[in-house]
Amino acid sequence: MSERDDRLDGLEAVWPAQEPRPDFSARVMARLDDAGPPARAPRPPRPPRRWVVPALATISVAAVTCVVALMVTRSSGAARAARPVPAQGSLTAEAHTTVALGARGVVVAHPGAVLAWTVDRGGRAEVHQIAGAAFYRVEAGGSFVVHTPAGDVSVLGTCFTVAVSDGVTTVDVDEGTVELIDATSRIELAPGDRGHLGGAAPARRRPAPGAAPAAIARTPVVGASTPASVPVPRAGGGDCFCFSDPRHLEADQALLDEWAGLCRVRADLPPLLEGTDQAAVDAAADQLGLVGGERVAFHGAAVELTAIGRARVREIYIAATGDSAGADQLDVDSQIEQILQTAGLGEEARLRARLSHERAGHSAPPADSGAITPFEEFFRLVISAGDDFERLLATRVGDARAHELRRRFGGWPGPDFDWFGCP
Amino acid sequence: MHDLDEITLTRARRGDAQAFAALVTRYQRPVHAVVGRVLLGVASAAEVDELAQEVFLRVYRALPGFESRGPGRLTKWVLTIASRLAIDELRRPRARVVPIDAEALEAPGPAADAATARRQLTASLVRALETLTPEQRATFVLREFHDFDHDELARALEVDVGTIKSRLSRARTALRALLAEHHQGAPTRALPTGDHDV
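Heads up: the protein sequence lines correspond to chains X and C, in order. Per my numbering, the very first residue in the first sequence carries number 1; after that it's consecutive. Per my numbering, the very first residue in the second sequence carries number 1; after that it's consecutive.
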């Protein structure tokens with residue numbers, strides 16, 4: 001007898017299902033605020049740190065992350081370099097101002113931030129943040145607490161932003177862990193979380209990605225062992241993205257028009273160095289089957305573009321913040337985070353709309369480069385990186401060969417930049 | 001039922017609130033169906049609602065670790081979580097809940113007769129279910145109403161296939177007797193009606 005044959009007839013009529021209440025979904029979603037973020041899946045091997053990759057992870061909610069990378073690794077970061085360290089101090093920032101907190105880290109005070117700090121001989125740091133926003137990168141050491149009017153932020157990790165406004169303290173965690181403490185509760189925030197102190201409710205947290213109307217996706221690595229596309233049904237609606245779409249260089253006019261309608265910008269990302277680590281470059285060269293002189297040329301182009309990119313990010317950071325000292329103190333990922341935080345309300349989506357229409361040929365790039373904001377300049381740097389790499393490689397292997405290598409997989413091997421969502 | 005589309009699932013796994021709300025909307029009925037049926041006679045409607053919420057909170061926490069493979073997999077993963085929670089709830093010592101049918105409290109008449117018959121039938125079903133263990137109930141519900149096959153049941157409830165067959169046999173024996181009694185003795189108008197599409 002098969003599994004099916006022994007079913008009982010008439011059972012549904014006897015044993016009806018309970019129907020959910022109409023507001024069930026809304027009530028579940030309301031409880032998520034108290035439930036905390038989803039557990040994190042076992043981490044896959046970390047992708048190569050490349051200065052263009054960070055944008056994928058950071059721009060969606062302008063809650064920046066420290067996963068960015070470039071050029072200067074943390075261990076060699078200027079933030080850790082010896083500098084005169086005030087044991088205590090205070091600051092009312094009129095512009096972006098970077099201050100070293102002894103050996104415990106760096107704080108970038110945004111305009112309007114009011115801070116006072118002490119670091120004792122044992123490395124224990126206390127910061128009183130009375131007003132405004134500040135970005136912190138904390139190095140290992142003793143306790144590190146940021147006191148705000150609404151409660152304390154006890155730092156167990158390395159990278160986060162604290163904003164004090166109207167009696168409410170908002171904390172965005174980019175890397176590591178922090179704990180929010182007020183009179184009635186304590187709550188731990190993990191990377192990607194946003195937490196609040198003050199207001200009507202006790203310390204609470206919510207997963208930051210939930211607030212993001214826009215989305216960032218990273219398409220699968222294209223290579224011999226990975227299909228160039230994953231067959232996924234195309235979703236309807238204005239903000240769909242489809243893994244089965246061709247890559248950037250393979251898009252025809254109709255697809256570019258469609259992407260413009262979605263305010264979607266795709267770009268291939270060239271392989272770059274992470275610090276001095278060339279693993280991503282090696283992987284790309286392997287996928288392209290490069291050996292001998294061509295492999296050397298490929299590495300040379302990657303090294304050159306990495307250096308150019310680092311320098312450009314530094315320039316953009318200074319243009320964004322006016323903080324030359326910070327450019328010397330902060331590593332590149334922190335500089336990018338600060339650049340991203342300069343975006344005005346809605347600027348991200350408006351930029352996507354402009355760039356996607358430019359890509360489709362509906363409009364021309366701005367003639368006046370002086371009108372471009374640092375935020376926009378950074379993204380133009382990211383999406384032109386593939387072209388820049390092709391040019392640098394062409395000087396070594398010739399135009400035709402560089403052109404052919406880039407198009408072999410519809411763009412440079414590795415993850416794509418995929419950014420979408422209209423204003 | 002169709003599973004959630006891959007794009008929405010991917011977004012939900014990243015923590016996108018809208019996408020997760022879509023997941024809740026998609027699976028709220030089968031989750032209520034599993035929890036409500038397994039806990040029939042034990043939990044009130046409000047408690048079933050509460051437990052269904054807990055199911056989705058657990059789904060939310062576990063979703064980043066979910067690996068989508070093949071059609072129907074997400075549905076069965078969600079319902080597995082629901083059935084395990086329901087089993088745990090069933091094991092918890094508690095007072096018995098007798099469903100109240102408001103119609104039965106009204107004045108005598110055809111509607112009241114039907115309601116009375118429905119209530120009697122439910123009481124009989126509850127008595128039949130009381131002879132089953134929590135695991136037998138859950139096994140039976142997933143098999144009869146949600147198309148789990150023996151292998152899927154064995155994986156979901158972490159027992160071997162032989163145990164699954166044994167549980168199903170026990171449950172069917174108990175419920176077949178109830179159904180036979182019902183079909184022989186109950187007037188047609190007393191049969192519960194309603195939409196049972198889950």
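Treat the hints as calculated values from the structure; they're not laboratory data. If you're wondering where the values come from, they're calculated on a predicted model, not measured in any experiment. Cβ coordinates follow ideal geometry from the N, Cα and C atoms, glycine included. It is possible that part of the hints are untrue.
[Stated by the list, open to error] Listed below are several chain C residues computed to face chain X (Cβ distance under 8 Å; list not exhaustive):
1. GLN53
2. TYR60
3. ALA156
4. LEU157
Double-check C/TYR60 for me: the hint is only fine if its C-beta lies closer than 8 Å to a C-beta in chain X. holds (5 Å)
Holds or violated: the hint that C/LEU157 contacts chain X, with Cβ atoms closer than 8 Å. Status violated, d = 16 Å.
Restraint satisfaction for C/ALA156 [CB to CB of chain X, less than 8 Å]: With a closest approach of 15 Å, the C/ALA156 hint is violated.
How about C/GLN53: closest beta carbon in chain X under 8 Å, or not? With Cβ-Cβ at 5 Å, under 8 Å, it holds.
Violated hints, listed in ascending order, are 3, 4; each of the other numbered hints is respected by the structure.
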